[in-house]
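**Student:** These protein sequence lines are chains D and P, in that order.
The numbering of the first sequence is numbering that gives the first Met the number 0, which starts it at 0 and goes up by one.
The numbering of the second sequence is numbering that gives the first Met the number 0, which starts it at 0 and goes up by one.
Rather than coming from a laboratory, the hints here were simulated on the basis of the structure.
Heads up, some of the hints might be wrong.
What the hints assert, rightly or not - Within a straight-line C-alpha distance of at most 20 Å, the following computed EDC-like cross-link-like pairs (lysine to aspartate or glutamate) qualify:
#1 P:Lys11 / D:Asp176
#2 D:Lys107 / P:Asp194
#3 D:Lys11 / P:Glu200
#4 P:Lys7 / D:Glu177
#5 D:Lys46 / P:Asp194
#6 P:Lys140 / D:Asp55
#7 D:Lys9 / P:Asp194
#8 P:Lys11 / D:Glu177
#9 P:Lys8 / D:Glu177
#10 P:Lys3 / D:Glu182
#11 P:Lys8 / D:Glu182
#12 P:Lys7 / D:Asp55
#13 P:Lys7 / D:Glu182
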Amino acid sequence: MKNENYTAMKVKHTITSILKYASLILAAIIVIVPLLVVLFGAFKPLKEFSISGKLDIPKSLYLGNFVTAFKDGGMITGLKNTVIIMAVSLTGTIIFGAMVAYVLNRFKFAGKKVILGAYLGAMLVPMVTTQVATFQIINFLGLYGKLGAPIVLYLGADVMSLYIMLLFMESISVSLDEAAMLEGASIPFIFFRIILPNLKPAIATVAIIRGVAIYNDFYIPFLYLPDENKRTLSTTLYKFMGPYGGQWNIICAGIILIMIPTTVIFLSMQKYIYSGFVNGSVK
Amino acid sequence: MFKKLSYKKQEKVIVCLFLFVPLLFLIVFTFLPALYMFRLSFVEWNGFSGVKKWVGLANYIEIFKNPDYFKPLLNSLYYFVGGLLQLVIAFYLAVLLNSKIKGKSIFKALYFFPFLLNGVAVSLIFIFFFRPDGTLDSILKVLGMGGFIQQWLGNSKIINFSLAGVSIWRYIGLNFIVFLGAIQSVSPEVIEAADLDGASEWQKVLYITLPSVRSIMELNFILTISGAISVFEIPYIMTSGANGSSTFVIQTVNTAFKFQQVGLGSAMAMVVLVIVGIATIIQNRFFKEAE
Chain D
0 MKNENYTAMK VKHTITSILK YASLILAAII VIVPLLVVLF GAFKPLKEFS ISGKLDIPKS
60 LYLGNFVTAF KDGGMITGLK NTVIIMAVSL TGTIIFGAMV AYVLNRFKFA GKKVILGAYL
120 GAMLVPMVTT QVATFQIINF LGLYGKLGAP IVLYLGADVM SLYIMLLFME SISVSLDEAA
180 MLEGASIPFI FFRIILPNLK PAIATVAIIR GVAIYNDFYI PFLYLPDENK RTLSTTLYKF
240 MGPYGGQWNI ICAGIILIMI PTTVIFLSMQ KYIYSGFVNG SVK
Chain P
0 MFKKLSYKKQ EKVIVCLFLF VPLLFLIVFT FLPALYMFRL SFVEWNGFSG VKKWVGLANY
60 IEIFKNPDYF KPLLNSLYYF VGGLLQLVIA FYLAVLLNSK IKGKSIFKAL YFFPFLLNGV
120 AVSLIFIFFF RPDGTLDSIL KVLGMGGFIQ QWLGNSKIIN FSLAGVSIWR YIGLNFIVFL
180 GAIQSVSPEV IEAADLDGAS EWQKVLYITL PSVRSIMELN FILTISGAIS VFEIPYIMTS
240 GANGSSTFVI QTVNTAFKFQ QVGLGSAMAM VVLVIVGIAT IIQNRFFKEA E
């Protein structure tokens, strides 16, 4: 009797186990297959691409598509512009976020509640739709068609960074500030030499979350940077659909190229990325 | 320079200095556009002429009278239902990965990875996936199910399901990783106690795991609403809103920038702003209660 029960339990356990793995593997296949097929396509010369099945493994590691996508497709220019925009916006966002978080967390002053409320209120404004009016402002400032347009927009509509910084500020003990004051340190010294170094985890989180968002953004550069030599990686790839509409092997190569930095960063910083996004989205 | 000032004075200078530029940016690029848009929603204007004709509520009336404008709003339903499905699947996968499983970190990385990908890349990947004789059709043929092949992006009855599917594929990773984090923070003693009491796997999920993610579930439910209203990128890049796949935001962008009806476009944008605004306020309430 006891033995029968044991076998029944074991069978049940095995079945659940199989179902578990079946679900997990099915989900993994759904994630991988669309990507894998594009990876295969990127290595096929046009002729092979046209006659071979989509699911066929490429016959050779042909790199011509990548060269075409990178050089003729303008991904070099796209990369350059994306790097400039990211570098300036991320630096700015981190400095802005740290400064505001420091002031709001450490000092009492008139209007503090209003400012906190303003940042909270800014979360209610959906960026995609306000562009109808933002466009006029950018135009008025003479920034249309310049790399400055996305930069100021990424800086001016970012509440997330401040919240992450504020959260971390709370964990930096005020006694650090007080000790420095006893030694006669000035407030700017305290901010740059004590607060900023202690904010490092917050800075990393902001850099990851905002970095991914800016690298992947399509709409802002699409709207404000129509010139060919001002395109970012996203808008460059978007434009692939026109001239390379008949050459999906080159589009595939472009897709893979744009994914390389993301993949490298993800694989090398997995832990930080998980915790960054979990903290950033829950808090 | 600062050392000579008293701390009180330094404090005042720093407060002004550190807040001035960030606040200026916030006002000019977030609040000014919202206010300006509110004003523009009452005028008729092509975006460049000097004349802005005041039309009162006419733009708002037009939105709800003309089906061309409010119909795309209904397409949000596909993304809303898709979003709910996404939450369920993400929770299911998180529960599975919380049990004893081989290759845990590989599964975790795989499920999260699409969330990091470029939206244009994702859109192109899925044009390739759904186009005639593309990835999906090839798979169906290999499986001997060639009879099921459809015009995935050409048939107006199917297109929104295809696009909502892409949306799930792209965004599920974040829900999954957040759920997993919450589930893993349940203390092992609680689970052990349940095991001692002879609770089944199913009971543990129902009475321990699910309550542990409840507030996050609610938060995400609200986010699903505002997300479904503001769908833009995937359908815009993949189909430009063709074959009945237009969304309210695509329609807004086209109205304002393509057809240069800035007033009408602004009114449509105000509708989105109000809906998303309400959803966000409710979400913050929920969040505060949970705290």
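**Student:** A separate judgement is required for each hint: does it hold in the structure or not?
**Tutor:** Against the structure, the hints come out as follows:
no. : hint                : result
1   : P:Lys11 / D:Asp176  : 16 Å, holds
2   : D:Lys107 / P:Asp194 : 51 Å, violated
3   : D:Lys11 / P:Glu200  : 12 Å, holds
4   : P:Lys7 / D:Glu177   : 14 Å, holds
5   : D:Lys46 / P:Asp194  : 61 Å, violated
6   : P:Lys140 / D:Asp55  : 13 Å, holds
7   : D:Lys9 / P:Asp194   : 17 Å, holds
8   : P:Lys11 / D:Glu177  : 17 Å, holds
9   : P:Lys8 / D:Glu177   : 16 Å, holds
10  : P:Lys3 / D:Glu182   : 14 Å, holds
11  : P:Lys8 / D:Glu182   : 18 Å, holds
12  : P:Lys7 / D:Asp55    : 72 Å, violated
13  : P:Lys7 / D:Glu182   : 16 Å, holds
When each numbered hint is compared with the structure, violations occur for hints 2, 5 and 12.
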